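Given the coordinates of chain G, work out where chain Z should sit on it, guided by the hints.
Number of protein chains: 2
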Amino acid sequence: MSEVRELAGRAQKAAVALANTSTDQRNRALLAMAHALVSRQDEILEANARDMEAARVKNTGASLLDRLELNPMRIKAISEALKSLSVLPDPIGEVVSGGRLGNGIWLQQVRVPIGVVAIIYEARPNVTADAAGLCIKTGNAVVLRGGSLAVESNLAITKVLAAAAVGAGLPEGCIASVSSTDREAAEELMRLHGVIDVLIPRGGAGLIRSVVENATVPVIETGTGNCHIYVHESADPRMAERIVVNAKCQRPGVCNAAETLLIDESIHEVVLPPILRALEQAGVTVHADDKTRALGAIMRVVPATEEDWATEYLDLQIACKVVAGLDEAIAHINTYGTKHSEAIVTEEYSAAVRFLNEVDAAAVYVNASTRFTDGGEFGLGAEIGISTQKLHARGPMGLAALTTTKYVAMGSGQIRE
Amino acid sequence: MSEVRELAGRAQKAAVALANTSTDQRNRALLAMAHALVSRQDEILEANARDMEAARVKNTGASLLDRLELNPMRIKAISEALKSLSVLPDPIGEVVSGGRLGNGIWLQQVRVPIGVVAIIYEARPNVTADAAGLCIKTGNAVVLRGGSLAVESNLAITKVLAAAAVGAGLPEGCIASVSSTDREAAEELMRLHGVIDVLIPRGGAGLIRSVVENATVPVIETGTGNCHIYVHESADPRMAERIVVNAKCQRPGVCNAAETLLIDESIHEVVLPPILRALEQAGVTVHADDKTRALGAIMRVVPATEEDWATEYLDLQIACKVVAGLDEAIAHINTYGTKHSEAIVTEEYSAAVRFLNEVDAAAVYVNASTRFTDGGEFGLGAEIGISTQKLHARGPMGLAALTTTKYVAMGSGQIRE
Numbered sequence: 001m002s003e004v005r006e007l008a009g010r011a012q013k014a015a016v017a018l019a020n021t022s023t024d025q026r027n028r029a030l031l032a033m034a035h036a037l038v039s040r041q042d043e044i045l046e047a048n049a050r051d052m053e054a055a056r057v058k059n060t061g062a063s064l065l066d067r068l069e070l071n072p073m074r075i076k077a078i079s080e081a082l083k084s085l086s087v088l089p090d091p092i093g094e095v096v097s098g099g100r101l102g103n104g105i106w107l108q109q110v111r112v113p114i115g116v117v118a119i120i121y122e123a124r125p126n127v128t129a130d131a132a133g134l135c136i137k138t139g140n141a142v143v144l145r146g147g148s149l150a151v152e153s154n155l156a157i158t159k160v161l162a163a164a165a166v167g168a169g170l171p172e173g174c175i176a177s178v179s180s181t182d183r184e185a186a187e188e189l190m191r192l193h194g195v196i197d198v199l200i201p202r203g204g205a206g207l208i209r210s211v212v213e214n215a216t217v218p219v220i221e222t223g224t225g226n227c228h229i230y231v232h233e234s235a236d237p238r239m240a241e242r243i244v245v246n247a248k249c250q251r252p253g254v255c256n257a258a259e260t261l262l263i264d265e266s267i268h269e270v271v272l273p274p275i276l277r278a279l280e281q282a283g284v285t286v287h288a289d290d291k292t293r294a295l296g297a298i299m300r301v302v303p304a305t306e307e308d309w310a311t312e313y314l315d316l317q318i319a320c321k322v323v324a325g326l327d328e329a330i331a332h333i334n335t336y337g338t339k340h341s342e343a344i345v346t347e348e349y350s351a352a353v354r355f356l357n358e359v360d361a362a363a364v365y366v367n368a369s370t371r372f373t374d375g376g377e378f379g380l381g382a383e384i385g386i387s388t389q390k391l392h393a394r395g396p397m398g399l400a401a402l403t404t405t406k407y408v409a410m411g412s413g414q415i416r417e
Numbered sequence: 418m419s420e421v422r423e424l425a426g427r428a429q430k431a432a433v434a435l436a437n438t439s440t441d442q443r444n445r446a447l448l449a450m451a452h453a454l455v456s457r458q459d460e461i462l463e464a465n466a467r468d469m470e471a472a473r474v475k476n477t478g479a480s481l482l483d484r485l486e487l488n489p490m491r492i493k494a495i496s497e498a499l500k501s502l503s504v505l506p507d508p509i510g511e512v513v514s515g516g517r518l519g520n521g522i523w524l525q526q527v528r529v530p531i532g533v534v535a536i537i538y539e540a541r542p543n544v545t546a547d548a549a550g551l552c553i554k555t556g557n558a559v560v561l562r563g564g565s566l567a568v569e570s571n572l573a574i575t576k577v578l579a580a581a582a583v584g585a586g587l588p589e590g591c592i593a594s595v596s597s598t599d600r601e602a603a604e605e606l607m608r609l610h611g612v613i614d615v616l617i618p619r620g621g622a623g624l625i626r627s628v629v630e631n632a633t634v635p636v637i638e639t640g641t642g643n644c645h646i647y648v649h650e651s652a653d654p655r656m657a658e659r660i661v662v663n664a665k666c667q668r669p670g671v672c673n674a675a676e677t678l679l680i681d682e683s684i685h686e687v688v689l690p691p692i693l694r695a696l697e698q699a700g701v702t703v704h705a706d707d708k709t710r711a712l713g714a715i716m717r718v719v720p721a722t723e724e725d726w727a728t729e730y731l732d733l734q735i736a737c738k739v740v741a742g743l744d745e746a747i748a749h750i751n752t753y754g755t756k757h758s759e760a761i762v763t764e765e766y767s768a769a770v771r772f773l774n775e776v777d778a779a780a781v782y783v784n785a786s787t788r789f790t791d792g793g794e795f796g797l798g799a800e801i802g803i804s805t806q807k808l809h810a811r812g813p814m815g816l817a818a819l820t821t822t823k824y825v826a827m828g829s830g831q832i833r834e
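If you read the protein sequences in the order shown, they are chains G and Z.
Everything in the first sequence is counted per our numbering, starting at 1 for the first residue and increasing by one.
Everything in the second sequence is counted per our numbering, starting at 418 for the first residue and increasing by one.
The shape of chain G in the complex, shown without the other chains (with noise of 0.2 angstroms):
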């Protein structure tokens, strides 16, 4: 049997397991997780030096590096972020609605877990410990499948992470991680019909593409986010120019930053100057329209291709389109855009309101910036993701994301007519 059909087979037999403990065995496996992550570091530590000399000898630049490593301090706030988890309130046990039948049967729809989570991603160690402690939080069973540059890392921490949860009483098998960082294992996992019972990539777009391609199981596309800043006619030109720096700039390489900014050409001669401006004091490189060139107000542009429209720079870059007003601009975000996040910048009652309504996205924003689509920001305690599709979460996702329902009858013989 391949590694990654074993272990998730025995996540399936753990979750059965796992859904019939208590909220609070769950809270006290979370804290002897957080716990052990401290007093267990050094073989952490110890597989991450080798992670990082691995990554060293591929010459793996610099910004990935320190992404990959780990230290005493990161590894305190990874522990921090578990213990976090154990004091938000459980949603499992939940009823979500409920009542008595007319033929007396008393019928509830219960908050359970889902199962058997998988997760695919490529980025920090860190990843790892928050995923597990969400899956584990909520009573799944979880099988992590993480980048080949952690992998060691990854395992040491999965190792200390299982150990400390079967200590505190949860059933083996509930946190596992594969160690085949191949292709075909992520696509074995993929195919894992009837036994993943969902499947949430995180990654760039080329890994969701594959998820989407090859996932026979259940899938939450998450990340990818071209969104939008539209400066309508009436905006106010300052709070315009707050918006867009901090939306583009504030942190460049997130789903949620600002990849295009739209603005309307009746007063793109006056209000777009001094955003360009300040764009390009940001170190942000224009990738402009004809009409944008055409004002000569920066230095840092260069013409924008249709590609342009349609790209996630992730980086400090960004797309500049005049548009004729409000129709044009929302059929150019609902073209281009990935319905991740969408901001207006408007002192137009009906224009705001069109917006917020024709906007096809996740989350849609009058005169505020696209960087608060955020589990943190939307007050969900706790995120594992931001769902760019429209089936069972959209946006980010806290905690009740990685559950499901199930209806229980209780009757006293009836019988349908």
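It should be emphasised that the hints constitute simulated quantities derived from the structure, not laboratory data.
Source: prediction; values computed, not measured.
One or more hints might be untrue.
[What the hints assert, rightly or not] Per the computed footprint, the stretches of chain Z lying under chain G, defined by three or more beta-carbons under 8 angstroms from a beta-carbon of chain G, are:
| # | segment |
| --- | --- |
| 1 | 606-618 |
| 2 | 817-824 |
[Unchecked claim] Some chain G residues near chain Z, calculated using beta-carbon distances under 7 angstroms:
| # | residue |
| --- | --- |
| 3 | ASN20 |
| 4 | GLN250 |
| 5 | GLY411 |
| 6 | GLY413 |
Each residue gets a CB set at the ideal place from its N, CA and C atoms; glycine is no exception.
This is chain Z only, laid out in the frame that chain G set:
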């Protein structure tokens, strides 16, 4: 451009406009659709007559012919179903959660249509009108792909409904049926990622398997039901008999009918024979394990094989197995069941609680027939199908299952620090 892509593209455009129609507009369209079905029934009945003729040439069986046949009474019933949809509460626009964030942003999570719903089905032509009605009620555009036997009827019904909807002010292209009934057309529909927002297959296990294997669009699996009735040693024998006979015989061809009877060894010699005799009297063939056969209670019995435990007969057949007790019953159900509807008959409190907690299914019952798993019985008002997956919707799916949500954020210049 292929027919499928063209219809789906038109549906996608229609969905944008549909999402911004009012409840009143959509309800008026439903009434217009209901009216048109009756006023234009001649063309529908003519198309149906062509389907019936072609089916007879193919030597189609009597029960399938009966499902296919339309007549004025049946059209009237379909029309009435659309009318009753028009008076149900509209889920669109509901504020699911909301409030003012710490930074002053007013955030609301609002229920919105999913967008473009595709439905692949094998069943009677009434599904065409039902599915179209449910989608229009919830502001979704719909692309239908029915079975080849009913293709003329489906196209005629779609033509009438679409004309009525557009006549009532809904956008062109909001209701469409694919005329091509070959496999390629269905597979193309399954792979229109980014155009189709959800695909709901309604049909047998073969269809569901093909969709799971081929789809790149999000899918809601429906319908497969290998349901069990477990008679616990503390069961009231009369109640057990009534529930078993009802769950198996009241309508054997549906997904919530019972397919396996489990009974505790300690009582099987006394309690099982009357149940078997009642089943035999109702015309049921029993696929029985050795201990059941040893009772010699009935004539219509065949030896059960491993395959029987996993079979959804959808017929007057049932598998029967004597189990050691609650543990074996739960393990058997969690191994062979399809997580649809499962029932225990018991008078023992702790057995009931364990069954409800430990059996993993969309609906779990104590002392009631599995036949109640149904949108109408559960008070959902309408039903698009019964989900047997855990993502998005589980169990009977009402109008809310055809919606998603959108975060609407109203700010006053907030940026993220």
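Against the structure, the hints come out as follows:
Counting residues of the segment 606-618 of chain Z whose beta-carbon sits less than 8 angstroms from any beta-carbon of chain G gives 3, enough to reach three: the coverage restraint holds. Note: the segment 817-824 of chain Z has 4 residues with beta-carbon separation from chain G under 8 angstroms; the three-residue rule is met and the coverage holds. Checking G/ASN20 against chain Z: minimum C-beta separation of about 6 angstroms stays under 7 angstroms; hint holds. Interface hint at G/GLN250: satisfied, since its Cβ lies 6 angstroms from the closest Cβ of chain Z, which is below the 7 angstroms cut-off.
Annotation: interface hint on G/GLY411 holds; nearest CB of chain Z at approximately 3 angstroms, less than 7 angstroms. The interface hint given for G/GLY413 is met, as the beta carbon of that residue sits about 4 angstroms from the closest beta carbon of chain Z, less than 7 angstroms.
The structure is consistent with each of the numbered hints, conforming to all of them.
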